[in-house]
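A.B. asks: My request is simple: use the sequences and hints to build the entire structure.
In this note's numbering, the protein residues as written are 6 to 234.
These are computed hints drawn from the structure, not numbers from a lab. Misleading hints may appear alongside valid ones.
So the derived label-pair ranges between C-beta atoms look like this [claimed, not checked]: (1) Leu-102 / Arg-220: 49 to 59 Å; (2) Ala-118 / Gly-88: 41 to 51 Å; (3) Asp-129 / Leu-102: 43 to 53 Å; (4) Gly-88 / Ser-210: 52 to 62 Å; (5) Glu-225 / Trp-183: 23 to 33 Å; (6) Leu-102 / Ser-142: 35 to 45 Å; (7) Ser-109 / Glu-225: 39 to 49 Å; (8) Glu-224 / Val-68: 36 to 46 Å; (9) Gly-87 / Ala-214: 55 to 65 Å; (10) Ala-214 / Ala-95: 51 to 61 Å; (11) Phe-140 / Ile-112: 15 to 25 Å; (12) Asp-155 / Leu-184: 17 to 27 Å; (13) Pro-147 / Ser-122: 15 to 25 Å; (14) Ser-109 / Trp-183: 23 to 33 Å.
Where a beta carbon is used, it is the ideal one built from N, C-alpha and C, also for glycine.
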Amino acid sequence: MRIRRASNRCSDMGTPSAPGTPSEMARVRIEGVEEALPLGESLLWEGRPDLKTLAFRVLYLRVLLGYWALVAVGFLLAGALGGRTTGNLAADLVWLLVVAAVGSAIIFGFAAAVRGSTTYALTDRRVVIRLGVAFPSVLNLPLHRIGSVDVRRTGRDAEGRDVGDVVLTPVGDDRVGWLYLWPHVKPWAWRDPIPAFRAVPDVASAGEAVARQVRRRLEEVARDEEVAS
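C.D. replies: Right, here's the structure in full:
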């Protein structure tokens, strides 16, 4: 895995053309990545997380809302049993709802920022994750370094499509830190961080596209090694 910070470059392969030249302008760019793809590399798929699923499932907004609902019920029961007046209960409940609304708005706003700063991309050579709200960077994972591709369905988007995660397990011991990857990482894999496309719409198609290219790339590498030997 390779990480590019600051410049947001997708690759340092090849000799770049001068900015603004016809060859440079014609090359394909991944959204949010400064440098164009190397000549001969094709962009096959590009996407980003579904906002609602990202907020409610990946960032656990639904858990927070459930918590506040339980707190409100407990608060009302305790107040009723304690003999508090309806007016006092209503006033305190309003404050509780305000706190819950502010907390939920913060999480949803952060989810929108994460979505806006994220691009998932698949080329015929690698998987690219553009990530980072405050400090944008780019993670490159060569296809032949992916050991397995797993699809996890977590819900549906507004258009009725399956939404979920595409987990990309690398081969070997080369890993990137969990904190750097989050939230673009397999859930609960703190000790062994595994990159993932999170909350991707039409997740089955995205996962199959990645798996298909991984198989094709591995076959190419095997053929090249056979010829070289």
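A.B. asks: Return holds or violated for the Cβ distance of Pro-147 and Ser-122 against the range 15 to 25 Å.
C.D. replies: Holds: the Cβ-Cβ distance is about 23 Å, inside 15 to 25 Å.
A.B. asks: Can the suggested window of 39 to 49 Å be confirmed for the beta-carbon pair Ser-109 and Glu-225?
C.D. replies: holds (48 Å)
A.B. asks: Quick check: does the Cβ-Cβ distance between Asp-155 and Leu-184 fall within 17 to 27 Å?
C.D. replies: Taking Cβ atoms as reference, Asp-155 and Leu-184 lie about 22 Å apart, which means the hint holds.
A.B. asks: Mind checking the hinted window 52 to 62 Å against the Cβ distance between Gly-88 and Ser-210?
C.D. replies: Roughly 59 Å apart at Cβ, these two residues keep to the hinted range, so it holds.
A.B. asks: Starting from the hint 35 to 45 Å, judge whether the C-beta atoms of Leu-102 and Ser-142 obey it.
C.D. replies: holds (38 Å)
A.B. asks: Could one say that the CB atoms of Leu-102 and Arg-220 fall in the range 49 to 59 Å?
C.D. replies: Holds - the Cβ-Cβ distance for Leu-102 and Arg-220, about 52 Å, lies within 49 to 59 Å.
A.B. asks: Taking 23 to 33 Å as the stated bounds, is the beta-carbon spacing between Ser-109 and Trp-183 within them?
C.D. replies: holds (25 Å)
A.B. asks: Take the C-beta atom of Phe-140 and the C-beta atom of Ile-112, compute their distance, and say whether it sits inside 15 to 25 Å.
C.D. replies: Check passed, 20 Å falls within 15 to 25 Å.
A.B. asks: For the pair Asp-129 and Leu-102, does the Cβ-Cβ distance stay inside 43 to 53 Å?
C.D. replies: holds (51 Å)
A.B. asks: Using the Cβ atoms, figure out if Gly-87 sits within 55 to 65 Å of Ala-214.
C.D. replies: holds (59 Å)
A.B. asks: Given the hint of 51 to 61 Å, is the C-beta distance from Ala-214 to Ala-95 inside that range or not?
C.D. replies: Holds, at about 53 Å.
A.B. asks: Given a hinted range of 23 to 33 Å, is it respected by the beta-carbon distance of Glu-225 and Trp-183?
C.D. replies: At 31 Å between Cβs, range holds.
Going down the numbered hints, you'll see the structure goes against none, and every one checks out.
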